[in-house]
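Protein chains in written order, with my numbering: chain A, 1 to 311; chain Z, 1 to 391.
Derived by calculation from the structure, the hints in this document are not laboratory data.
Do not take every clue at face value.
[Unchecked claim] EDC-like, lysine to aspartate or glutamate: derived pairs with alpha carbons at most 20 Å apart:
| # | chain 1 | residue 1 | chain 2 | residue 2 |
| --- | --- | --- | --- | --- |
| 1 | Z | K344 | Z | E259 |
| 2 | A | K97 | Z | E371 |
| 3 | Z | K236 | Z | E226 |
| 4 | A | K97 | A | D116 |
| 5 | A | K95 | Z | E48 |
| 6 | A | K90 | Z | D193 |
| 7 | A | K97 | Z | E48 |
| 8 | Z | K260 | Z | E371 |
[Stated by the list, open to error] Now the in silico label distances, taken between C-beta atoms and shown as ranges:
| # | chain 1 | residue 1 | chain 2 | residue 2 | range |
| --- | --- | --- | --- | --- | --- |
| 9 | A | K236 | Z | V213 | 54 to 62 Å |
| 10 | A | K270 | Z | N225 | 53 to 61 Å |
| 11 | A | T161 | Z | F324 | 30 to 38 Å |
We put the beta carbon where it would ideally sit given N, CA and C, even for glycine.
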Amino acid sequence: MEHFNVFASKLVPGRELFSPGHKACQGCAPALAMRYLLKAAGPNTIIANATGCMEIISSAYPDIAWGVPWIHVAFENAAAVASGIEAGIKVLQRKGKLAPGKINVIAIGGDGGTFDIGLQALSGMLERGHEVLYLCYDNEAYMNTGIQRSSATPMFSSTTTSPAGKKIPGQATGKKDLAGIAAAHNVGYVATACTSYPFDFMAKVKTAFETPGSKLIHIFAPCPTGWRSAPNEIIKLGRLAVQTGIFPLYEYKGGQYHMSMELPFLKPIKSYMKSQGRYRHLSEEQIAMVQENVTARYEWLQKLAAASQEG
Amino acid sequence: MVKRKGVESSIALADAAAMCNVDAISAYPITPQTHIVEHLSEWVNNGELDAEFIPVESEHSAMSAALGTSAMGARTFTATASQGLALMHEILFIAPAMRLPVVMAVANRALSGPISIWNDHGDIMCERDIGWIQIFAENGQECFDLTPACFKIAEDKRVILPTILNFDGFIVSHMIEPIEYWEQETINNFLPDFEPQIKLDIRNPSTMGAVGVPEIYYEARIAQNEALLNSKSVIKEVFEEVTKITGRPYNLVESYNMEKAEVALFMMGSLTETAMTAVKNLKKRGIEVGIVRPRLWRPYPTEEIIEAIGNIKALGIVDRAMGFGAQSHPVASEVKSTLYSSDKRPVVCEYVIGLGGRDVRIEDIEAMFLELIEAAKSGKSQPVKYIGVRE
Ligand SMILES: Cc1ncc(C[n+]2csc(CCOP(=O)(O)OP(=O)(O)O)c2C)c(N)n1
Ligand code: SF4
Ligand SMILES: [Mg+2]
Numbered sequence: 001m002e003h004f005n006v007f008a009s010k011l012v013p014g015r016e017l018f019s020p021g022h023k024a025c026q027g028c029a030p031a032l033a034m035r036y037l038l039k040a041a042g043p044n045t046i047i048a049n050a051t052g053c054m055e056i057i058s059s060a061y062p063d064i065a066w067g068v069p070w071i072h073v074a075f076e077n078a079a080a081v082a083s084g085i086e087a088g089i090k091v092l093q094r095k096g097k098l099a100p101g102k103i104n105v106i107a108i109g110g111d112g113g114t115f116d117i118g119l120q121a122l123s124g125m126l127e128r129g130h131e132v133l134y135l136c137y138d139n140e141a142y143m144n145t146g147i148q149r150s151s152a153t154p155m156f157s158s159t160t161t162s163p164a165g166k167k168i169p170g171q172a173t174g175k176k177d178l179a180g181i182a183a184a185h186n187v188g189y190v191a192t193a194c195t196s197y198p199f200d201f202m203a204k205v206k207t208a209f210e211t212p213g214s215k216l217i218h219i220f221a222p223c224p225t226g227w228r229s230a231p232n233e234i235i236k237l238g239r240l241a242v243q244t245g246i247f248p249l250y251e252y253k254g255g256q257y258h259m260s261m262e263l264p265f266l267k268p269i270k271s272y273m274k275s276q277g278r279y280r281h282l283s284e285e286q287i288a289m290v291q292e293n294v295t296a297r298y299e300w301l302q303k304l305a306a307a308s309q310e311g
Numbered sequence: 001m002v003k004r005k006g007v008e009s010s011i012a013l014a015d016a017a018a019m020c021n022v023d024a025i026s027a028y029p030i031t032p033q034t035h036i037v038e039h040l041s042e043w044v045n046n047g048e049l050d051a052e053f054i055p056v057e058s059e060h061s062a063m064s065a066a067l068g069t070s071a072m073g074a075r076t077f078t079a080t081a082s083q084g085l086a087l088m089h090e091i092l093f094i095a096p097a098m099r100l101p102v103v104m105a106v107a108n109r110a111l112s113g114p115i116s117i118w119n120d121h122g123d124i125m126c127e128r129d130i131g132w133i134q135i136f137a138e139n140g141q142e143c144f145d146l147t148p149a150c151f152k153i154a155e156d157k158r159v160i161l162p163t164i165l166n167f168d169g170f171i172v173s174h175m176i177e178p179i180e181y182w183e184q185e186t187i188n189n190f191l192p193d194f195e196p197q198i199k200l201d202i203r204n205p206s207t208m209g210a211v212g213v214p215e216i217y218y219e220a221r222i223a224q225n226e227a228l229l230n231s232k233s234v235i236k237e238v239f240e241e242v243t244k245i246t247g248r249p250y251n252l253v254e255s256y257n258m259e260k261a262e263v264a265l266f267m268m269g270s271l272t273e274t275a276m277t278a279v280k281n282l283k284k285r286g287i288e289v290g291i292v293r294p295r296l297w298r299p300y301p302t303e304e305i306i307e308a309i310g311n312i313k314a315l316g317i318v319d320r321a322m323g324f325g326a327q328s329h330p331v332a333s334e335v336k337s338t339l340y341s342s343d344k345r346p347v348v349c350e351y352v353i354g355l356g357g358r359d360v361r362i363e364d365i366e367a368m369f370l371e372l373i374e375a376a377k378s379g380k381s382q383p384v385k386y387i388g389v390r391e
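Excised from the complex, chain Z in its bound form (with noise of 0.2 Å):
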């Protein structure tokens, strides 16, 4: 039996990645990710979960000793957001490099400056080629299940990549809402113990981290990124099976109204729960529009999203992230080169919203679908509005 509980997702979270039994975590606070590992730390301290708990004097060093417990053999979690992973950066390259499947969940924050500890994706947008799996949560729900689902994903001899748990920063980190909690047992049934194929053992040394001499870096290279890529089977196979452990649809990519939908948007993170609302106020108006979710983001899951966005007559892609200078944001950057390899090619309406915190309305999303059925009419694309942004 299930048992569904009224809990803030952070402290889900952390219930989650503690009942997957790991054996250290190595963290450093920021807002909004705070209260992840301050509940681990309790879960240690209390003598409830055997593992070592590591408070490190910076998230660099956060990642460094992550990397020190995984290469050990240790399955080994953390938790970060904004600052605290730009902070990382140098040292989120050499984990996948070394195939080191440490699980990270990130409490997205918009980044500095100025300084602010409100949600956006900035702080993971300009992370988001380090080579890590990354996936993005809807809410409280999504990052309990998705939790075992990391590990089990990043530990598969398949894949052997470190992953990150996206979810957004007080929207989702600090809501509580009725989550369902998995049994201990489901969990152990679920995910099998860490078992590295490689890694520092004193009854059989090996090296790792190597100089990358030129008749080898770029191979190596090339090999990271072919793993990265085949991953995404893997990662579908066990999104399918915790659909089939929760009963809640876990695809790659979600579609929601896109059966009757002529326009669609296309997000990620807990937005969606505010334009789920804007599509059924619509419907009821007669309006059929839908959302385009894509729950991985990397490795990025080009044939699903392309399937996603199906026929329809036009696209608005949302950013929640400003790409300076860029010919477009992030997401629409990618989202556009997608559609220039796929033989459908809907108009396409880009925008940003909800920068450090901004409010996004219902209304905000409702007008966005309205400009997209005009779009469609039109057949013009319309570049980049910022949306809920003073003049």
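The shape of chain A in the complex, shown without the other chains (with noise of 0.2 Å):
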């Protein structure tokens, strides 16, 4: 796997799953994500989708942009769906109802649907155990609904929720912890992940696969008209969230902490804030506190990845 960037474009399928045509915005990274997720899985694969941005842009009936059978039930229960397309794979299969052979069960949510109104689903998959891969697309609020704020919405995001107002200066909380909730379930694998690096995205689908169990990825996903930034700004912007320690990429194995890539030095936030209009707002002493924060979760992450070497 570590040469894998190398090689990874001629091990990339050329076949689309998710085909193009769909109606997600220009410039968006989480129809990106679903993309390379599918590159990645393959034609053997069952998804359950929550609804927001990805199920509405993929599935207006009958313009379906899938290539595997796919199913939508609601907001917040993709992880039972799930559940259940996984329990019901195993009693088929056993009872010769169906043909044997690996079938990878996804589900997919936004940060809402996981984060928020989907994270009781998602434990409860997490504790039973179901050999399901969840994938978290994280574009920071609720986009398809008009940008509310989520818990996975930044410190200071100005959302249609969270405005930047005379008194509360946008967000007033940061980001939840999806990975380290997921890795408190004692699943074989977690991981973060970012549009803006494909290979390294498509590489942890692959290992999620080859992991018994539950396992999650959490993959950040720049969303332009959400962040109000330009559409062909969010491969930057995802390599900037990504440089900057903002979005830190890692893996959870094994009980053990990874970092995915060795970064020399954090880049400054400001240089990821900057193009974005939801950040437009922030003061001086807001970015550096904003810096504060990110650089002092970087360094702890560091220590955790350290002592899992060591340990």
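Two chains, two frames, some hints: make the complex.
Here it is, written out as structure tokens:
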């Protein structure tokens, strides 16, 4: 896996199982996440998708973007539906009613559908240990309903329910630690990823499917519409989020943390924030405060990973 | 040969579900349903039933996971009551829209608040228009007999709709009765394998639960309603088969002593057993009264109900749930509008009885019958009366 990046483009199948022609906005990174996900997972895959942008833009009947079996039931229950799919596969294969062979089961939810309303169903799925990969694409707000804040929305970010007001300058809290919550369920594999690092992401999807039990990947996926940034900036924004330490890439495997990328230094977060309308109102002090939090969290993660290596 | 056992109704229902060789059960505990899923988990954990038991973390997930297993093509069963049913509410609508024939037993229980674990129909009356087939069992024997029937109806290619089997919490669920078990072979012959036409299949990918754009939503809803209405003939057919197997009458709507009666009570569930005693008591006094009991509640069997009501002069409609602020409580609302579309218009008296486990006495029912006779004489309908409530 070390040299995966070098050969990756040759290894990635050309076949598109998430087909072009879906209705996502220009420059939508979550849609890229769907595309890469299916390139890595392949056709023997069944998806349970939560309500949200990715569901809406891909399934307006009869224009369906999915080349694999796909089901959408509601907003908060993708993990529960996927649990059922997995249980169904198990029993039907055992009883000889379904052809044997590995089927990848994936639950997909946005940050709202995962961090907030779907957290209970996710916890249930992880705790029961269903053979499911849960993919949370994090565009840091409820985009489908018009950019409302979620518990994944970063501090000071201006959304329609955490507006940059005269008294309260945007989102008052920081991002919940989803990967930490998943890891606390003692699952075999948890990883963070970013749509600007597709080969890293696809390798993580493959590792996830090589690991038995439940697994979760939290992928950072910029949304130009909700972040008020240019559609052609999203790859750069994703890279900056990683390089500033705002969204560190790491894996949790067999109880150990590994950083996915060695960063010689953290770029200042200002470089990341300046091109996004949602941060335009921030004062120098507020940026400094976020910078402090970001650096501290990154260092904490590094220590965790180092301790894992030693331990 | 059929075996008769003294057994709790919940256990009999669970045994029947297991004998239907269910593939998947996803459930969450709630009184008075719990014995069913407890017993099914025993079947599974003892290796006597090859099924996946998903011990979900909520009823919302119970129904969601059930849709997942059913979408894979697994025969799926769950059970709940009251708050659990209410928590499923959002997902209940989606099951018939996606044509996923899950079977669910509901041990009818009052809804909060105040919280009450006891019986009435408050839970299911909130869910009557969710698009599921809904059947009311009267006793433990019906719970057993109707379980294979529910699977057969739900999975029939002409139907493919989820189905609820209602039975009264505690009064039926916890009652130990002599119940005739069908032979396993009888169930096997009666109930074919579940062969869904559309499922999540990697060799033939399909999309389930796509967005209903304005050009399609309306038609989808109408088609779904047609499917539910059309299921009535299949339900009738399956009930007839159950009658043949068991020798017990299974009509869409049951009539009791209606040939001679001039007045009747319309009611569902186990209350009819108490009412039958009242009918017999009055008969001894030379008073002929009758009972109309729909076994099928959705699709609403309009013609059969009109036929059962016949030419009686006064009809008492019994509700076991409140329709807060409504013109009438749920059953009365519906039955009154049935009468409006019929040329037979008996005088109507409306009753609410037995909420939250309040005891229903035979004398209460006798008094209702006598009141109906007076109403028939006077020709005056009577607004709702709350029987057994303290002033
Ligand atoms: C129970 C329920 N509550 C609210 C909604 C409305 N709703 C639909 S999508 C959505 C936001 C989704 O946000 P997220 O999960 O972050 O996905 P995104 O749209 O950002 O891709 C909301 C609030 C709903 N469909 N169901
Ligand atoms: S709002 Fe954002 S996440 Fe939604 S489709 Fe547009 S770019 Fe993608
Ligand atoms: Mg979002």
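How the hints compare with the structure:
1. With a C-alpha separation of about 16 Å, the suggested pairing of K344 of chain Z with E259 of chain Z holds against the 20 Å cut-off.
2. Distance check on the hinted pair: K97 of chain A and E371 of chain Z sit about 59 Å apart at the alpha-carbon level, beyond 20 Å; violated.
3. For a cut-off of 20 Å, the pair hint linking K236 of chain Z to E226 of chain Z stands: about 17 Å separates their Cα positions.
4. Only pairs whose Cα atoms come within 20 Å are accepted, and K97 of chain A paired with D116 of chain A is rejected, the gap being roughly 37 Å.
5. Distance check on the hinted pair: K95 of chain A and E48 of chain Z sit about 14 Å apart at the alpha-carbon level, within 20 Å; holds.
6. Among the hinted pairs, K90 of chain A with D193 of chain Z is consistent with the structure: their alpha-carbon atoms are about 18 Å apart, no more than 20 Å.
7. The hinted pair formed by K97 of chain A and E48 of chain Z meets the criterion: a straight-line CA distance of about 18 Å does not exceed 20 Å.
8. Under the criterion of a C-alpha separation no larger than 20 Å, the hint pairing K260 of chain Z with E371 of chain Z is consistent with the structure, at around 18 Å.
9. For K236 of chain A and V213 of chain Z, the hinted distance range of 54 to 62 Å is not satisfied, since their beta carbons lie about 35 Å from each other.
10. For K270 of chain A and N225 of chain Z, the Cβ-Cβ distance of about 58 Å falls inside the hinted range of 53 to 61 Å, so the restraint holds.
11. Hint check: T161 of chain A to F324 of chain Z, Cβ distance near 32 Å, so the stated range 30 to 38 Å holds.
Comparing the model with each earlier hint shows violations of hints 2, 4, 9; every other hint is respected.
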